[in-house]
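Peer 1: Use the sequences and the hints to build the structure in full.
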Amino acid sequence: MTAAALTKHSPWRGLAPAMVGLGVVVAFFLAVELLIQIGVLNRFIIPPPSEIIGSFGRVIVEEQVFSRFLLTLGECLTAGVMLTVFGVAGGVLMHRFKLLQQACETWVAAMASAPIVLMYPLFLVIFGRNVWTIIMMGFVAALPPVILKTIEGISGTRKVLVNVGRSFNLTPAQQFWKILFPAALPTIFVGVRLGLIFALINIVGVEFLINFGGLGQLINELAERYDLAGTYAAICFVILVSVLFFMALEKAERWLRPVD
Amino acid sequence: MSPAPAPQPDDAILVVDDIVVRFETTEGTITAVDDVSFKVKPGEFFSVIGPSGCGKSTLFNVIGGLLSHHQGVVSVAGETISGPHKSIGMVFQEESTFPWRTVVDNVAFPLELVGMPKHKRIERARHFIALVGLDGFENRYPGELSGGMRQRVSLARTLASEPKILLMDEPFAALDEQTRLLLGDKVLQIQQQLKQTTLLITHNITEAVQMSDRILVMTYRPGRVKRIVDIDLPRPRTSEVVSSEAFGRYVAKIWADLREEASRGMRDEESHVLHHEGAAS
Amino acid sequence: MAETGRLRQAAVAAPGLSPVMLLRIAIILSMLAVWEFLSHSGWLYRDVVPSLLAIGSALAELFASADYYFHLSVTAAEIGTALAIGGLAGVAVGILLGANQFMSKAFESYLYYLGPTPKIIFFPIMIMWFGVGPESKIALGTFSCFFPVALNVAAGMRQIDKVLIRVGKSFRANSWQMVVKIYLPAMRHPIINGIRLGLGVALIGTLLAETKLSNKGIGFLIIQAYSIFDMPRMYAMLIVLFVLAIGANALVGRFGGLHDIKRL
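Chains as they are written, first to last, in the working numbering: chain H, 1 to 260; chain A, 261 to 541; chain C, 542 to 805.
Think of the hints as simulated: they come from the structure by calculation, not from any bench. Warning: the hint list may mix true and false statements.
List of simulated lysine-lysine pairs, PhoX-like, C-alpha gap at most 25 Å [to be verified]:
1. A:Lys380 - C:Lys710
2. C:Lys646 - A:Lys378
3. A:Lys346 - C:Lys710
4. A:Lys380 - C:Lys722
5. C:Lys753 - H:Lys251
6. C:Lys646 - A:Lys299
7. C:Lys722 - A:Lys346
Peer 2: Pasting the structure below:
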């Protein structure tokens with residue numbers, strides 16, 4: 001008998017917990033609705049959930065949610081491709097040139113904790129009031145985690161695998177492409193995922209701040225028009241985008257890395 | 261829940277009565293332990309030996325009060341166990357020292373929990389640290405010690421709570437052979453000195469015969485009592501005793517029983533892997 | 542023998558000038574040179590890249606003005622409060638989710654998917670609920686840092702070596718003792734990492750909120766400088782801000798006993 005068979009039995013398989021979770025969330029919204037209708041909560045600060053749901057249709061049609069969604073998505077994808085290419089290349093370079101790594105790795109780590117997004121006025125002036133400001137902000141803010149995780153992945157290859165390569169007299173290039181890089185892929189993926197998260201956050205955030213672009217701008221506009229229900233509805237859309245984006249990311253990851 | 265008075269046979273300090281443990285798994289109901297009963301006398305060194313999969317770790321968890329989903333009754337000095345009991349001290353198989361506490365803070369842990377004042381518990385802890393031979397290491401961290409030393413810290417920690425019964429689950433399994441032998445000697449010495457009632461779960465026959473007064477041999481799953489063997493060898497169990505003919509006979513006898521069960525276990529595991537795709541442990 | 546003698550002499554003659562140090566200095570100097578060149582070249586719109594001298598004097602002005610320290614303390618207080626409230630809530634919720642598989646399966650995915658959403662979009666709501674003062678900034682900061690802390694702690698709970706929990710139970714520790722003497726110390730690394738992440742997002746959230754709508758704080762000063770196109774002043778403030786943010790991050794890491802800031 002395997003311990004695995006014993007522990008595989010979770011008392012909570014099935015839908016019970018998910019249902020309870022969903023139930024609590026729904027109950028919460030119903031309670032809010034009730035409290036607003038009976039006047040305990042101020043409907044000018046918190047619009048009733050029913051009104052918010054009602055404004056979904058309006059927001060979709062009048063505010064061209066889908067084209068805005070595509071714009072934001074496009075920005076994310078562009079930034080995503082850029083940060084993957086440059087981030088991984090940067091990490092590889094830093095690993096290859098040890099001196100560079102020793103000098104700069106801590107700087108890159110420090111940049112990861114620095115609020116780069118605050119430099120948006122600067123980016124605005126350099127790139128102008130167009131999508132490139134937004135894309136570049138997403139790109140720059142998301143670069144550090146990709147670089148760091150790439151370095152971590154490549155240097156973290158188990159010594160024994162490196163020795164196997166050397167025992168077969170592989171050239172440095174072969175050693176890199178056949179052993180180091182494949183071994184580093186899982187960690188690199190983690191870095192790219194983190195980078196994409198940072199990119200999305202920064203992109204929607206900057207759209208909101210400079211009032212330009214896709215979904216971020218929509219929220220800003222609706223808020224400035226005091227369209228409360230619409231603002232809340234737009235926020236829901238952004239959450240939806242975020243959720244879909246990351247679910248898709250997970251599926252892609254699982255497809256590219258089936259063995260784990 | 262007040263402890264129900266259990267049947268009071270002879271002078272036993274630990275009574276294990278008709279324990280049955282079943283688990284619901286993805287493959288149906290498994291009976292891990294079936295109708296196991298035995299008694300342990302005060303001051304006795306009692307070992308439970310069996311093949312992998314015989315349920316001895318399950319039994320360990322039941323007696324220690326960490327597993328309450330069972331039939332049957334375990335009682336210590338007349339009191340029924342319904343959860344971890346202050347009269348039972350457990351030493352686990354895995355590394356169990358707290359890496360963020362020094363040795364002395366590790367050993368003083370059970371005393372801290374019951375609110376013993378600091379100077380008193382440090383003093384008490386030092387006593388047990390010296391008992392296991394680690395004096396001088398009080399202010400080190402477990403990370404600085406070897407595996408054998410860490411197990412000694414775990415042992416000292418459990419002894420510091422002065423349990424009536426010391427319950428150990430293969431405490432030497434993760435150690436190399438030489439360390440194991442030395443530590444085994446140490447444990448035996450301490451046990452004799454403190455007259456500590458000890459229940460040892462093990463898979464090592466030589467270890468069991470060397471240390472025990474009696475040995476319970478378990479069958480393969482479902483774990484039942486196959487035989488209880490009285491080890492009638494003189495104490496102290498010097499290397500002379502260990503290399504004696506009588507010792508060898510005991511080992512052979514127990515191995516004969518165990519071998520049968522272990523073979524059954526092996527065949528069962530193999531057929532399990534063959535018939536259940538991807539369920540190998 | 543003579544080799545080591547010479548090497549030792551060289552080390553004594555130029556202490557601290559390891560190749561790494563030299564490279565770093567070289568990189569910094571060349572970046573500063575490029576900057577200064579761009580500044581005087583006229584390629585970019587005037588003052589987007591002010592000369593280093595201008596930035597330097599703006600920095601000096603900044604440190605000399607009492608006003609600046611006032612705004613700095615406002616922002617620091619907002620971030621500190623946000624981190625305290627959000628951090629404590631995050632740890633508490635994280636422990637609950639990590640300890641109980643049912644709760645985790647029921648609620649954790651909401652946190653997981655809501656986490657990466659940029660919290661600045663909730664700022665209009667915060668303003669409606671808390672007004673235009675520091676409270677709305679604190680609310681946004683709290684909301685921002687709650688998620689990484691809660692998620693890290695929940696994951697940390699599940700990664701605690703199970704045997705340590707059994708030790709606690711075998712000694713009959715009560716729930717409070719389990720949390721304080723076993724769960725929290727065992728999770729010190731994930732907790733510290735969660736707080737560092739939380740600090741980062743609270744910082745960003747609070748500052749962006751200040752740039753959006755405020756009359757106090759560093760964010761306000763930055764956007765004010767931008768609106769009158771006083772670029773040297775804006776750069777000076779950004780530099781100080783970055784240094785402080787990086788410093789705070791390193792401090793938290795050091796406090797948690799983690800000397801390796803390279804680990805994300």
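Peer 1: Hints first: check each against the structure and report whether it holds.
Peer 2: For each hint, the structure was consulted:
no.: 1; hint: A:Lys380 - C:Lys710; in the structure: 23 Å, holds
no.: 2; hint: C:Lys646 - A:Lys378; in the structure: 41 Å, violated
no.: 3; hint: A:Lys346 - C:Lys710; in the structure: 11 Å, holds
no.: 4; hint: A:Lys380 - C:Lys722; in the structure: 19 Å, holds
no.: 5; hint: C:Lys753 - H:Lys251; in the structure: 36 Å, violated
no.: 6; hint: C:Lys646 - A:Lys299; in the structure: 43 Å, violated
no.: 7; hint: C:Lys722 - A:Lys346; in the structure: 19 Å, holds
This entry does not satisfy hints 2, 5 and 6, going by the numbered hints stated previously.
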